[in-house]
Each structure stands twice: as structure tokens, then as C-alpha cells.
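Sequences listed follow chains A and B, in order. When you line the first sequence up against the working numbering, it's residues -9 to 672, in that order. When you line the second sequence up against the working numbering, it's residues -5 to 155, in that order.
Heads up, a few of these hints could be off.
Here are the simulated DSS-like pairs of lysine-lysine, each with C-alpha atoms no more than 25 Å apart in a straight line [as the list claims (entries may be wrong)]:
{"#": "1", "chain 1": "A", "residue 1": "LYS519", "chain 2": "A", "residue 2": "LYS276"}
{"#": "2", "chain 1": "A", "residue 1": "LYS126", "chain 2": "B", "residue 2": "LYS67"}
{"#": "3", "chain 1": "A", "residue 1": "LYS606", "chain 2": "A", "residue 2": "LYS328"}
{"#": "4", "chain 1": "B", "residue 1": "LYS103", "chain 2": "B", "residue 2": "LYS152"}
{"#": "5", "chain 1": "B", "residue 1": "LYS103", "chain 2": "A", "residue 2": "LYS120"}
{"#": "6", "chain 1": "A", "residue 1": "LYS77", "chain 2": "A", "residue 2": "LYS47"}
Read the hints as simulated data drawn from the structure, not as lab findings. This structure is a prediction, so every number in the text was calculated from the model and none was measured.
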Amino acid sequence: MADLVNLTIDGRAVQVPPQTLVIDAAKTVGIEIPAFCYYEGLSLAAACRMCLVEVEKMPKMMTACTLPVSEGMVVRTETEQVKQARKYTLEFLLTNHPLDCPVCDKGGECELQDMVFRYGAGESRYTEEKVHTPEKQFSPVVFFDAPRCILCFRCVRTCNEGMGVGALGVINRGVVSEIGPNHGDHLECDECGACIDICPVGALTSGIDRYQTRPWEMTHVGTICTHCGDGCKTTLGTRNDRILRGNNRDRSGINGEFLCVKGRYAFDFYDHPERLQAPMVRINGKLEEVSWSKALETVAQKFKDTVASNGSFGVIGSNHTSNEENFYLQKFARQVLKTNNVDHQRTGDVVTLLDSLSGKTSKLGTVADLYQSKAVLVLGADLALEHPLLSYQVRANYRHHQAKVYVVTEKPVREDNYAAAKVRGRDYASLAGKLKAESELVILFDDSYKGADLRQLVEFAESLAIPVKFICLLDYANSRGAVDMGLTPELLPGYTPSGATGLHIDEMLAATLDVLWVVGANPLKGQKKAGFLVVQDLFLTETAQQADVVLPAASAYEKSGTVTNTTGEVQRLTQAVSTMGAKTDLEIMGFLAREMGAAPLLGPWVAETVFAEIRKTVHAYDVPLPVLATGGAAQTLPVNGRIPVDTRLDLVQSDHNGLFASGTLGRYSKVLNSVLENRLSR
Amino acid sequence: MTFSPQLEARFEKLLKSYPPGRQRSAMIPMLMYAQDEIGSVTDELITEVAARTGTTPLQVNEVMSYYSMLHRKPLGKFHVQVCTNISCLLHDGDKLYEHACKKLGIGHKEVTADGQISIEEVECMGACSWAPAIQVNYDFHHHVTPAKLDEILDRLKKKPV
Ligand code: SF4
Ligand code: SF4
Ligand code: SF4
Ligand code: FES
Ligand code: FES
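Based on the provided sequences and hints, a complete structural model is requested.
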């Protein structure tokens, strides 16, 4: 191929595109050049000198991490000189580095440890005293131990470039230089932990998981973050049925190694002391703990009696429960309880979007599109705070591909900092001229664009005469799956009209129904109206406190199934741990069905079986199974044909959770609370 | 933060001398001139320079803590820098430094009680050919002997600014 560059590395012919760095060129033929400061996706630092190689005709050894290839270049990575250089670099790094690996939190997965093991010298000539400074706590999340720092500046760069926060810097010079936080002695930042994860050594550690375990003692389970709607893959490190750590160092999933504070650390709600571990039934006005069989029997009896007496039911589902659970719940409601009074909290107008796009193809944007599209338009949302992953993708697209970013929001947002144009308010049409000049566009919009406004937006996009994709921003881990699975009174799974629209969520709460069944939601603001209230949840929420029966439910980290993110990509949940006493919502519903003799009608309460039924019923979910099975994300298909229903637009309302909030769940996360308290105390 | 009209004029000229969007390049001279006027680099100054150069206070702090000629604490009216790096060391620069400390009764980066003189042990100042060398504010003194140093210090003690 004409436009490839030919070079030789360790005697092997290598062909790579121009501008490739020698360190990356070597990788293509399986040659590893050791490196600390070089990090794919971040700016070059050439700070560590670990990657020195010999290059023919060059007088000195070169840093492979900054040297672009050139035609005919001859590189050697394993000569005596190179080996010496590595030894010396490591010897230098160890002059002040404490040699206490046995008690270092990073031991076992430390890059310095590994490098010294592979390339280092067994002895040091350094006999002087080491410079020592005490460890510092920068924030509830971030701890810094300066003597361990090897000054690779990965943390500074990932915070600056990757996160766009710029909360870390390099203070002082020479042997006393160290990483410093943005506010004198402490950090005020997103607390995402990206700096901690990227640190090759144990210099940055997190207040959440430090000194909990040795890394090799953990089991690593890849599952989906249960907080916002972006759908990050998070790899939970577990031991003895406890989650000790969250990260995504293997870069699997749509988020690569990105996670925000919620995905990385706010798994901690799962073992909050107030977690419900036994069912409760109201006896003489008080909620008393009872056995599962007693609780299930009570509910099933009430359900049966109410059905028999033609009583009224209301069913409110969740934004967090799995697709399988949502599907099973609406089926339960419609086929066993014979009601269309099924709803959930809608956080964006997916229905209008899908309807106005019917008949068109390639109109739904994915998380990956945000990194690839030449241009992005953000409408309404404070993306960096409400959709951390999507915002990260857009920022990375700008950094790596100079994507044009347009922002139309009421208030200033972080995206302004690099936006090609920003408009305050809602007048996106004023950008028409600029947008027409783009070759493609992805539009993200929040809950303030709905109904007629949204149709107008779609028309506007058409008028640009360029390929445009849309992303409807939704709040929670499975907000999208809840609509897709028909948790609405007007639509069945797959957006088929239900025919006889039942009561909406507000109507259910206002009506004096015989039975109200709430699964994984906290909709009650005032006094309950229903005669009998059944609540399935993790905690005794405001709604659960008024219940007649409370059934302790498993969290997303304690179940298998699938969820669909805000961009309509389905991913698989994998059970990481279990909490004693709690059952998955699917299991609870299955047991109730069995108790009522309705199990044959509803089918097995096994996630795989229910998903198979979903695939048969909902055209959009006819996605490739191997993709899901291997932990990938499969985009759901658009809806065939129109969706002829009236949506209650007033019910479409986002909670606009910021970085440290996650609805009811967030209130039970120790880390999110400690960050908030820490802010208030300053 | 307000500066003297002269300094403001200097800042304005500085900021204009870099291409648009590169105003951060003015950071070091701004810090130096401002330090000359207000005596040290204060938190307030850091915030001000950050705002004027389009950077963050953290970035200003990174630069300021790197350069030894920028100081967080006020120095004496006359800041005496004694070089003890290799060329000067070979010409007894270290003894010179000790002599100065003893005479003034202060140590590295300390200020005399009257605020008149401060002292600092520094690395090579590029005056090796005339070692041992010292620098008082922006002025160099070459081939300094203990006697010459005494003379300089005595003069500085009495000198008004
Ligand atoms: S936790 Fe995140 S935002 Fe805070 S300093 Fe580290 S990388 Fe930056
Ligand atoms: S704290 Fe870690 S990531 Fe940051 S410079 Fe030091 S070693 Fe590198
Ligand atoms: S961006 Fe959303 S999905 Fe990703 S880690 Fe944060 S809360 Fe979880
Ligand atoms: S990896 Fe090349 S200098 Fe650090
Ligand atoms: S060593 Fe003193 S001026 Fe160079």
C-alpha cells in the first residue's frame, strides 16, 4: 500500500500509517516497549524515559512514545544499551519510592512493580535517605501519597483532557515536585476516580476501596451501572459476596475505561444498613417482619380476591428494573390482574421521537456515534453533569477529531468551553446556517423537547439536508427499557397501542384503587389513596413506609437480565453478589404468579426465557444474541410504522440528577453523601 | 485587584504581545513584575493572573511553584542571592553564603527583622566566569570576597529603597 510507512523493528518488517508512533508501531508486531507516561488517548508527555529505544542513524536513544515512524527507519528495542537504560530509569524511580509493596494498596497490579520485575536491576546503588512526605487526603474519594508518585502525569492529563475538569496539577520542581489539588490542600472536582484508576502505582488511592483486599483475591464481574441512563459497563471486584471495588480497566463496554463517580464508587448503596432484608406486612397498623411465604401468600390472596371481586388495580413500574422484569410486570398486570393501569415515571419523550422517525432508517444515535460524528448538537441538558458518559464521548470527539460541538441551553454548561457555537435559550434554528455546512450531526435533547416541539426539531433536522441522528436523553439505567417494554397505560411492549388506555401514574396515585402495586419506584408524595399498597424495593422509601406489604428486592448488581440505555442500546446485567433476604423483582413476581396459580399463563421467571419472549414480541429487540452474550451493546431497532397514541406530555419529566445524585438510590450511597457533605462543610 | 498605572500599562503591553488565545504566555513576566510591586505572590495575585491569562489558579500555581524567583512570602527590600553551585563553590561561594547568614543572623529565604534584607542560597545564575557571584535584586556582583560582601551588606542596611 502506497501510503504506509515501512520500517524495521528488531529485525521485523513493520508497515504502519504515517505519523504512527514507534511505540504503537511496535505493538502491531507484538513487541512491547515499556512505558509509564505514554497513555493512549492522552497528550504526549515524554516524562518517564522508560520507552527509550535505539534508532539507526540517530546519535542518542529516542523516546519511542514521541517518535513518529519514518520510511526505512531501523529500531532496536532489546539491545544491551536499551536494557541498561531501562535499568537506570527504574533505579532512579526507586530512589525515593518506598519499597513497601507488601502493604501498598496497588501491590499485585502495580506497573512499577511489574516493570522492575521484568526490566529492573536486583540491586540499587542508592544508599541515601529517601525523601518522605506524609500521605494527604484530597477529598472523600482521592488520597495522595507523594513518595509513591513516579510523576508520569497521567492523572493530570486524564483530569484535564479526558474529564475536562483540570483539578490536578504539578506543584514544585525536581525531587520535591508532586501532584497538587486545585484548591490549596483539597480537591473540588467530579470525584470520578479516573485519576486513581489511571495511576500506574499506588500514589493515588480511593477512600472507597483502599486497603480492602489484595487485587488477586477478587472476582471480577462485568455488569452495567445502575445509575444514570448512559449504560456504562462497570467491572465489580467482589470477594466473599461483597462488592469491594468498581472500575473498568479492561475497557470493555461502550464506555471504554470511563466511569463517573456513580459507576465507579456508588455501588455502595447495596449494603447500606437500611437495606431491607425481610418482607414486611402491616399488622395492627405497624409493618412487621414476616417470612417470605407469609408475605407472598398475603399479596397473592389480596390480588386473587380483588380480581375475583372485579376490583381495581394500579401498577407502577421502575426505571431501574431489567427489561425482563418490566416485561413480566406489564404482562402480569394485563393478563392476570386484567388492567391497563400500568405506568412508570417517564423522563424523556421517546414515543414522539420514534413516531416522528418512523419510516426512516439510521436516525438513532449511539454512544459510539458521539465519538465519531463530525458534529454534535446539545439541546437543553447540562450534559457533563447529567450524562457524564455522553459528555465524555463528545469531549473526546472534540479532542481527537476536532468535532464541532453546538450548545443550546438555558444556562452556561461545561460544553461551552469548546463549543463551536453556543446559544442561550432554545433558539437552535439560529444555528441553521452553520449546521447546514456540517456533513453529519447527532442531536441530543432533554425532556424539555417533547411533543410538537420535538416534531418541529425533527423537521428542522430534515431541512438541514445532512444525515442527522437523534438521542433522546433519559434519566435512569433502564428508563428506555421501561417504555420499550410497555410500562405505560397506552402502549404494549414494542409501542403497540393497548387499545383501552388505562390510568396514568398521577391518576393512579389520586384514585382510590383497591390495590396499588409499586415495583422499584418511589412515586408517593403525600398520603396514599389506595386500599392496599404493595411495594417492592431495596429500601423503606416514602412510598414503602405507607405500604401494607413490603417485599425486599435485589439491586441491579444482584441480578441477571438486560437493560437498555438512553441511546437504545441493550446490554446484559450479570449478577455480582447477593443480599440475604432480598429476591429479584422477577423472582418475586414469579412466586406471586405461582401462588395465584397464574404461573402457566405468565411462563417461567427466568431472565433468559423472558428475554427470548421479548425478542419474539418486540421487533426492536431482535438483536444479535452473541453480542449480548459477550458483554457487548446491541442497538435496538427503530419502530416499524407510526405510534398512533396521545402521550401525556405533562408526565414527561426528567429529574435532572447531577453528578452526585441518583434519585432515591443516590440517597443511600455513602460516597455520594460524603461528597455532598464535604462540599457543604466548606 | 488593582496595580499601579505603570504596572497596568506594562501588563497591557505584555498581553498584546502574544497572538490571540496565547495570553497564558504572559504569565511568568506578569508574576515577576507584580511580585516586584507587591512584594510576593499572594493568593489574590494568583487568582488575578489566572483570570487575566485565561488559565486556572492551579495552573498559575504550577508555574509559580516551579520557578525559584517567584516567592509566596514577602522578601526583604533587598534580596541577596548567593550562588553555591559548582563554579562558585570552587571559589568559596559556600563560605560566602555562610558568612552572609552569620552577619545578618538569618538563614535561607529569611528576612532581617527590619525587613530590609533577605538571603537565599541559589543555583547557577549564569555568572560562572566571574565566580563567586551574588545577585541583589536585579543587580549582579562579581568576584565577591567576604570583605566585599560586608561592604555591600552594610550599604544595603542603610540604603532607602
Ligand atoms: S477524581 Fe476525577 S475529577 Fe477529581 S481529580 Fe481525579 S480525575 Fe479529576
Ligand atoms: S499520582 Fe500516579 S498518575 Fe499521577 S503522576 Fe504520580 S504516578 Fe503518575
Ligand atoms: S455515566 Fe451514568 S452509567 Fe456511566 S458510570 Fe456514571 S452514572 Fe453510571
Ligand atoms: S513512555 Fe516515553 S517517556 Fe514515558
Ligand atoms: S555556578 Fe555560580 S553563577 Fe554559575
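Now the hints, each set against the structure:
Distance hint between LYS519/A and LYS276/A is fulfilled; the C-alpha atoms sit about 18 Å from each other, no more than 25 Å. Taking the CA atoms of LYS126/A and LYS67/B, the gap is near 23 Å; set against the 25 Å cutoff, the hint holds. Distance restraint check for LYS606/A and LYS328/A: the Cα-Cα separation of roughly 22 Å lies within the 25 Å cut-off, and the hinted pair is therefore satisfied. Proposed proximity of LYS103/B and LYS152/B is supported: the alpha carbons are some 20 Å apart, at most 25 Å.
Under the criterion of a C-alpha separation no larger than 25 Å, the hint pairing LYS103/B with LYS120/A is consistent with the structure, at around 24 Å. Taken as a hint, the LYS77/A and LYS47/A pair is honoured in the structure, with Cα atoms around 24 Å apart against an allowance of 25 Å.
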